[in-house]
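Student: The chain contents come next:
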Amino acid sequence: MSRHESRLLVESGPFLRRELTTPGLMNEVTLALAPVILAAVWFFGIGALLIVIASVAGAVGTEWLFAPSRPRGASLRDGSAVLTGILLALTLPPAVPLWMAFVGGAVGVGLGKTVFGGLGQNLFNPALVGRAFLQAAFPTAMTTWSEPTGAGGLLSIRASNLALPLMSGTVDAVSTATPLGAMKFEHAETPISLLLRGDTAGSLGETSAIIIIVCGLVLALRGTFDWRIPLAMLLSVAVLAAVPWWIKPEAFPSPWFMLTSGGLLFGAVYMATDPVTSPTAPLGAWVFGLGIGLIVVLIRLWGGLAEGVMYAILLMNSAAPLIEQATQPRGFGRGRWAG
Amino acid sequence: MTQARSAKSFSHGVHPAEHKQASSALPVERMPFVSLYTLPLSMHLGAPSRPVVQAGDQVRRGQVLAEPSGFVSTTLHSPATGRVVSMDLARHPNGQYVPCMMIEADPFDTQQFEPAEPIDWRALPIDGFIEHVQRAGLVGMGGAAFPTHVKYKLPEGKRCQRLVINGCECEPFLTCDHRLMLERPAAVVRGAEIVASKLGADSATIGVELNKSDAIAAVRHELPADGPIAVQPLKVKYPQGAEKMLIKAMFGVEVPAGKLPLDVDIVVNNVSTMAAITDYFERGQPLVERIVTVAGPGVDRPANLVVPIGTPVREVLQYCKINHEARQVVMGGPMMGMPLASLDVPVLKGTSGLLAFTEAALNHPNEYACIQCGRCLEACGNLLNPSRLARLARAELYDELHQEHVLDCMECGACTFACPSGVPVVHLIRAAKATIRKRGSKDA
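Line by line, the protein sequences are chains A and B.
If you're matching positions, the first sequence starts at 1 in my numbering and goes up one per residue.
If you're matching positions, the second sequence starts at 1 in my numbering and goes up one per residue.
No lab work stands behind these hints: they were computed from the structure.
Given the structure is predicted, the values throughout are model-derived calculations rather than measurements.
You may find that some hints are simply not true.
To be verified - One side only, chain A facing chain B, incomplete, derived with CB under 7 Å:
no., residue
1, Trp64
2, Leu65
3, Thr280
4, Pro329
Unchecked claim - Which bits of chain B does chain A cover? Going by a derived footprint, with three or more residues having C-beta under 8 Å, they are:
no., stretch
5, 321-335
6, 404-413
Stated by the list, open to error - Short, incomplete list of chain B residues facing chain A, as computed with Cβ under 10 Å:
no., residue
7, Gly252
8, Pro256
9, Gly258
10, Ser342
11, Asn366
12, Arg394
13, Ala395
14, Glu396
Backbone N, C-alpha and C define an ideal beta-carbon position, used for all residues, glycine too.
Chain A extracted, bound-state conformation (with noise of 0.2 Å):
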């Protein structure tokens, strides 16, 4: 019996672990993005891919060079980076330059994370930090809207696709409005059967509502993310934006229209349940989802821009600190509220 005792492994419980890992829930978050790139590839043509892969490359090319971890790149076995590279190219336009999307996925991962000190540390949703800096970056690009080309256009890749870095200030592809600018300045609501479909304008992922709804009811059911904050985001902008509409229905827009369209659906389910820039206790999500809402509808509504989810969701990406804080666990045996 003594071979047993030489190498007799002490270390410290539980000795059970269960088998769900971080880079798995990346994973999963990255496997369902697929159903919505697909559907980009086939509303916006083969273009769309290109635009992921090269967000994605820069993406995990800043991690590779920047990320604190030792040894260099050692980060990237997490899976973070190509999920942050994938859902920035999702909030993209269609035609967009990839040398945009390859500079937003860095910035995202470089000035939204790794300046944080990595994953876990950081205050905002790095997809939407580079999507951030490239609206600030280059406002017109990111403002020019294409209407779907469907099949028939399936192997197309818009030229300004393929311009070259900071050679050409326009993108020359015919803009058109989305659903939410047409709401905004025209004050027309496109039916919600095309916004289900996803035949409509607007980013690459945030086309067909049915496609984003499936996805994120698997991931809940799986226990991937926090179920409750796009339940509070939804809910929040339900209710909310119900109320004007009811009051004075030919000046505001339908609530269905509110959660079919734009960009809520796509940050409800994928980028405000990113667990490092939500609160973790449960009563927190609520409040974050419900704060989500609350500044979508006040900036669709009532504000300058028509579409608000990014900034809604930086705004309380920056408030989770404090809601943290303040909704704290209790404490077994220790009142009601934390003493």
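We have chain A; now place chain B onto it with these hints.
Tutor: Same frame as chain A, but now just chain B:
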């Protein structure tokens, strides 16, 4: 179905795979006597026992070897008839060298108990009863090994309204309590009856998780009609066997932080302790043996064994055919158990299991950054924020940890189990708690 609906539980917690099927159907068998027993003078919480025999003395099975050295201390009995060989430092399962008594068993003795008259517990005053329990050497057999009689000493003005008998056995792999309830339900019920009667409790409730429905039925069958004893089925969840979680599950009552069950008029005992009470008062048998579940992929012949206290772990594992794949041996359950650095340590009064794990069964998770997903919060039955405590522990911010109630942590390990990033949460908390306690005693 109706049982499942009426089953109760506490909030939060985790659901590890049960791993009980390998041993839950195996009837309890007796481990043969070995030649040498090692008995630490302190295998319970509290002051070590004081030896009353000397090296060279002949001792009988069940004879007192060491007496309590205070109230929070207990009696130690010889697990076998034989001779006291020596008193020396020997390895405790926790890795330290502690004073131990070595007993060499007489190979020609039958090792039978001398029949003793039952003790008339009804006639005993409460203090006499407590003295008897201390004399029986009883400790909490669920793992903590807190001297049982201390729990029965109710402080002035306190009353034990409810007696709770813990039959949860929520640790995976362990089946010793399950088999006990199945094979000796009457002993469990009898013990509960004795204790409830002596403490003047209004009721005694035996909490059993639903994965042991046969045990629930067996114990129910033994319940006296319209007596004060009942069985409460509980949902399967870890750590339901932690006494505060169990009280919450059964009665919805939270024991205040830093307080004991007695502060809500409850006394909690393990089912094994109840059977030991019965053995002592009805047969005069003190605590000299216990049931140990030996399981895990590192043993070829898992078993529920009656093992004399003090038997070397090596002998028990050999008896259960430890295989060459075994790489890690854990005393207790896989969640809160203690990894052994040596097999030359004895089975203690609180040893509920010996688990041998193989390389394949071992789980060395890669560690990733904490993504603040909140899974540890949802696991923590103590309603703490383990991820925050772990972060503070890494930063060695002990005052903050203290403010965040780190000392409330019962170290059940549910947080570490649940963590997808493989952060050793409970390990960090355990180390921080030890440091805080050390600093506290220095300040005092």
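Student: Each hint needs a verdict: does it hold in this structure or not?
Tutor: Status of each hint after checking the structure:
1. Trp64: violated (16 Å)
2. Leu65: violated (18 Å)
3. Thr280: Holds, about 3 Å.
4. Pro329: This interface hint holds because 4 Å falls under the 7 Å limit.
5. 321-335: Coverage by chain A holds for the stretch 321-335 of chain B (9 residues, Cβ < 8 Å).
6. 404-413: holds (count 3)
7. Gly252: The hint is violated - glycine 252(B) has no Cβ within 10 Å of chain A, the shortest such distance being about 13 Å.
8. Pro256: Holds, because the Cβ-Cβ distance from proline 256(B) to chain A comes to roughly 4 Å (cut-off 10 Å).
9. Gly258: OK, holds: glycine 258(B) within 10 Å of chain A, min 8 Å.
10. Ser342: Holds, about 7 Å.
11. Asn366: holds (7 Å)
12. Arg394: violated (12 Å)
13. Ala395: This hint is violated: alanine 395(B) lies away from chain A, its Cβ roughly 13 Å from the closest one there, beyond 10 Å.
14. Glu396: This hint is violated: glutamate 396(B) lies away from chain A, its Cβ roughly 18 Å from the closest one there, beyond 10 Å.
Checked against the numbered hints listed earlier, the structure breaks hints 1, 2, 7, 12, 13, 14; every other hint is satisfied.
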